[in-house]
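Under full-length UniProt numbering, the first residue of the sequence shown carries the number 1, and numbering increases by one thereafter.
There may be inaccurate statements among the hints.
Between beta-carbon pairs, the in silico distance windows are [stated by the list, open to error]:
| hint | residue 1 | residue 2 | range |
| --- | --- | --- | --- |
| 1 | 100 | 64 | 14 to 24 angstroms |
| 2 | 129 | 36 | 50 to 60 angstroms |
| 3 | 75 | 115 | 23 to 33 angstroms |
| 4 | 19 | 106 | 15 to 25 angstroms |
| 5 | 43 | 126 | 18 to 28 angstroms |
| 6 | 108 | 19 | 37 to 47 angstroms |
| 7 | 2 | 45 | 46 to 56 angstroms |
| 8 | 74 | 104 | 18 to 28 angstroms |
| 9 | 107 | 23 | 19 to 29 angstroms |
| 10 | 78 | 38 | 26 to 36 angstroms |
No wet-lab data here; the hints were simulated from the structure. Since we're looking at a predicted model, the values are computed, not measured. Beta carbons are placed, not taken as given, at the ideal position from N, Cα and C, and that holds for glycine.
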Amino acid sequence: MVRRPVAWVAAIVLLVEAVAFVFVNGLMATVVDNQQMSLAGLDPDAMSTGAWSAGGALGLYLLVCAGLLVRAGTTDRGFGRVAKPVLIGCAVLHGVLGALAVGLVGWTAFLFMMVVLGLLVLTLVAYGEPREPAAKAPDAPGTAPAETGPSAA
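Using the sequences provided together with the hints, build the complete structure.
Next comes the structure, spelled out in structure tokens:
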């Protein structure tokens, strides 16, 4: 089935993206700190610290999402109550960043974000609820079995 390779590819892409986000935010923080830049009177040290913090938080979030995808790809089991909303949030984040990337960076960045969004959505759908109903448990003791067949009508 295709869901295991998709989960692995999505995990690898998120790992690379996490490193890239931390690097870019670190670069911005360093430039702001070295140039003593200020935006609307904000303290340059606060801006530098904020850029490092945002890069670290986003990188950690993407690493957690990649870890969830690695677990799914390794065990071939679906996501739990906590993992599914985390990955849905990651997909929404990529949709929003893709929309912002068109205006700020260009169509190539948008395309990359949409590919990652597609990988996340495909993984979430592939590991979704099973399509066929689960096997029925045997009737409890003391209850009559349910009638099936033509006489059940």
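How the hints compare with the structure:
{"no.": "1", "hint": "100 <-> 64: 14 to 24 angstroms", "verdict": "holds (22 angstroms)"}
{"no.": "2", "hint": "129 <-> 36: 50 to 60 angstroms", "verdict": "holds (54 angstroms)"}
{"no.": "3", "hint": "75 <-> 115: 23 to 33 angstroms", "verdict": "holds (25 angstroms)"}
{"no.": "4", "hint": "19 <-> 106: 15 to 25 angstroms", "verdict": "holds (21 angstroms)"}
{"no.": "5", "hint": "43 <-> 126: 18 to 28 angstroms", "verdict": "violated (47 angstroms)"}
{"no.": "6", "hint": "108 <-> 19: 37 to 47 angstroms", "verdict": "violated (19 angstroms)"}
{"no.": "7", "hint": "2 <-> 45: 46 to 56 angstroms", "verdict": "holds (49 angstroms)"}
{"no.": "8", "hint": "74 <-> 104: 18 to 28 angstroms", "verdict": "violated (36 angstroms)"}
{"no.": "9", "hint": "107 <-> 23: 19 to 29 angstroms", "verdict": "holds (22 angstroms)"}
{"no.": "10", "hint": "78 <-> 38: 26 to 36 angstroms", "verdict": "violated (49 angstroms)"}
When the structure is compared with the earlier hints, violations turn up for hints 5, 6, 8 and 10 and for no others.
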